[in-house]
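Asker: Residue strings, one per chain:
There are 2 protein chains.
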Amino acid sequence: MTTNNPPPSRPGVPLKTPKGTRDWVGRDALLREHIFQTISGVFRCHGGIPLDTPVFELRDVLTGKYGEDSRLIYNLEDQGGELCSLRYDLTVPFARWLAMHRNVKRIKRYQIAKVYRRDQPAISRGRFREFYQCDFDIAGDYDPMIPDAEILRVIVEVFDALQLDIAIKLNHRQILDGLFAVAGVPEEKIRLVSSAVDKLDKAIWADVKKEMVEEKGLSDEVADRIGEYVRRSGGIREMIQILKSDSELCGNKNVKAGLDDMDLLVTYLEVMGVADKISFDLSLARGLDYYSGPIYEVILTGKNQPSQVGSIAAGGRYDGLVGMYSKHPIPCVGISFGVDRIFTLLDARQNKSSSELTHEADVYIVAAGGKDYDGLLLERMAVARQLWDAGIRSEFAAKVKPKLMQQFNDSECVPLTVILGQDELAAGQVRLKVMRASDQETVQKDRGQLVSREDLVQEVKTLLLAVGPQQE
Amino acid sequence: MTTNNPPPSRPGVPLKTPKGTRDWVGRDALLREHIFQTISGVFRCHGGIPLDTPVFELRDVLTGKYGEDSRLIYNLEDQGGELCSLRYDLTVPFARWLAMHRNVKRIKRYQIAKVYRRDQPAISRGRFREFYQCDFDIAGDYDPMIPDAEILRVIVEVFDALQLDIAIKLNHRQILDGLFAVAGVPEEKIRLVSSAVDKLDKAIWADVKKEMVEEKGLSDEVADRIGEYVRRSGGIREMIQILKSDSELCGNKNVKAGLDDMDLLVTYLEVMGVADKISFDLSLARGLDYYSGPIYEVILTGKNQPSQVGSIAAGGRYDGLVGMYSKHPIPCVGISFGVDRIFTLLDARQNKSSSELTHEADVYIVAAGGKDYDGLLLERMAVARQLWDAGIRSEFAAKVKPKLMQQFNDSECVPLTVILGQDELAAGQVRLKVMRASDQETVQKDRGQLVSREDLVQEVKTLLLAVGPQQE
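Respectively, the protein sequence lines represent chains A and B.
So for the first sequence, this note's numbering puts the first residue at 2; every next one is plus one.
So for the second sequence, this note's numbering puts the first residue at 2; every next one is plus one.
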């Protein structure tokens, strides 16, 4: 068939996806789908409700939520009408949704969707400009630290389900802010110093101190006092003990309030059986402006894990965010899983098949025949119809007279073939044959078992149970 | 807990989603997920492979693909770097992917994703600016009309699975173009006239004719000749017969090629058992430039269906599109399902629950007790841990000392409660109670059966099998 009015070829169009983005196909897409199903299964186990929001928001909704990182927001062009931007995370859209639905006082919501950041991509480490987040958040006015403990429990359940060894770093925004105040950081510099401290997981103390003194304008002495605190981490109870023994620190009301939270939290975490996965790490700061209570990050542990992946989940309490949109603030706490980084890890663990996956089926319908062979196209279609009617994944060559070897090549990896021949069809029968890639010679000699058309669906189902469907 | 450095409240931020977009939550999101699962199940049954592409493409990739509708494309702001636009459909990204992967000669791919059009939204009719498409396409150099027939079969299977009564309108781009030529339309006006004819499903002939004559500059006579043809429709074989009997029409090589296709196609459709769902409708034109062979649209039939929904799926053959990106063109044929319109239909059919869904679980853990009642929070947590460990969807009130009635209110719609009391716990036991909204009085009198902690998980599983989990 020819094309009418063929459009002019445009050899100048660069054949690529935009910087920092990629396509996902076949096994990759199915593996990612498996990750989504695993994670959302845990969310649902904890009473989670799905939410889906538009990929872009009114620009004003995003303004003033991300501190220094606001420059990474993608804007839509002004084409008349409202000014919009692509979402930067799933937390702000959730807060906007809560502010819009004042009748919802309490919700556990989850969302699995792409977010957008004009960051420097690092594809090999799983860092993209378009990437998925899986978020689970608990909103509502509950007693302190009960939802926080459940979020940390959810984190542990998710990585147990994904069979990844992890550790959780925990800190508290109020303790950190109080600690900065006690060290002598002026109020207006606390967020700046906080984002410098946050780099301690990648940088050494000397470099972070240099940034504080030279860029943020702290005195040498104040920077050193900060350094004494933020280089401490350990078990939660142990760290609470250390901080409580510092009377100057505990005189600060923020530190005191944070320690009260941590006292409750550690008790709940022990009962929920996850305290041993968590360390109290005073260097954890988290860049985002909106955190107000406990904050946490998940890192990989165990052998053979690529250490450069960085944190694979992060979250915390953000009691003030909904109040930025509404006079009716709702306290919230949540976690966001970095699915693309998790994908990179699970993908590296899998044994990869060399062949690219471009079709997939459980049954392939083959035509065979002697010198009068006419391809049996309509007969193959009729058998396909029979199998499709029964919900069985089936394919056949879209050729009028396909060659026999071509059909067997096309059916590579498909566990069963139905072989049609003129004589068998005349007798109301077909041949059903189990294909095993490991033993090509036997397969070629085996002509398959004769099955009547009436019994075909049942026989196929029985054999598929025995040999297993094609792996997804 | 108080927020540090509370951000300034911004009462000026409008609390809404951008024009033509909406949020999806709870039952709505779950119903849509059900539609996705149903449709992708059919796709996989036909050997479909999933593909996911970025939400935006390089702008040049979209340029020149959508005719008049190009003005509806959303552009990203130029923030330095590449110029990008949001995808307008899933077909062009697929063609771009094929052009990038020259080793892939054949693929059946499906994609379920959002697309973006700056169109006038009509929310009540399910027309949005951000909406989902579900696409299934067969790419590859096959014998004529075999994949086309399979696509039409897929359409019928999908709507059977969704239990929606439909009819398919079928036409052929080459027949339409040839027919315009025979009627006397100059070559350069064929696309313009085609888009006028496409309005015949919503407008009467007199208005379409007026547009042709006054806006597109056709003579009265040419317009009338077009009118004689395009107001015809009927069964495929019947219409082929009528067209073949018109010798002037059949003298046109495009018409002849199109009729050869239709001859083959109707035979295959009959064998696949779907010909009776399809009418050959010469008024169907489809606006997009890239179609080159059969084109089709799906409309609802049956009683009580809102007729204003318009087409709920559409597609066709587009052999030239990949060649716009690559010197190695690949013939393609496909179908796109309008999921949001399908959602509107299925949602209207469901009996809606009045209560908004904001949590979901199979078990709710309740604390009860007399005057020494302390809320049993840690005990409730420990039972939740036990149930979560077994993968059972469980919740409890996030309060230290929740009131009994509050707990029963919060557990509305949850089929089972586990009731904790000090004395029972001391004996290693809890109470397990089936909740039935239909019989509140009996429920309140029934104190539940005593179960030991060791047997709890097994008893819960048994009861859930009997009463059924909370409906999703």
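No lab work stands behind these hints: they were computed from the structure.
Hints are supplied without guarantee of correctness; some may be wrong.
Any copy will do: because identical chains look the same in the list, a pair fits if it lies in one copy or spans two.
[Unchecked claim] Keeping only pairs whose Cα atoms sit at most 30 Å apart, straight-line, the calculated BS3-like set for lysine-lysine is:
no.	residue 1	residue 2
1	Lys372	Lys170
2	Lys211	Lys190
3	Lys210	Lys462
4	Lys372	Lys17
5	Lys402	Lys254
6	Lys17	Lys106
Asker: Which earlier hints turn out false for this structure, listed by number in ascending order?
Answerer: 1, 3, 4
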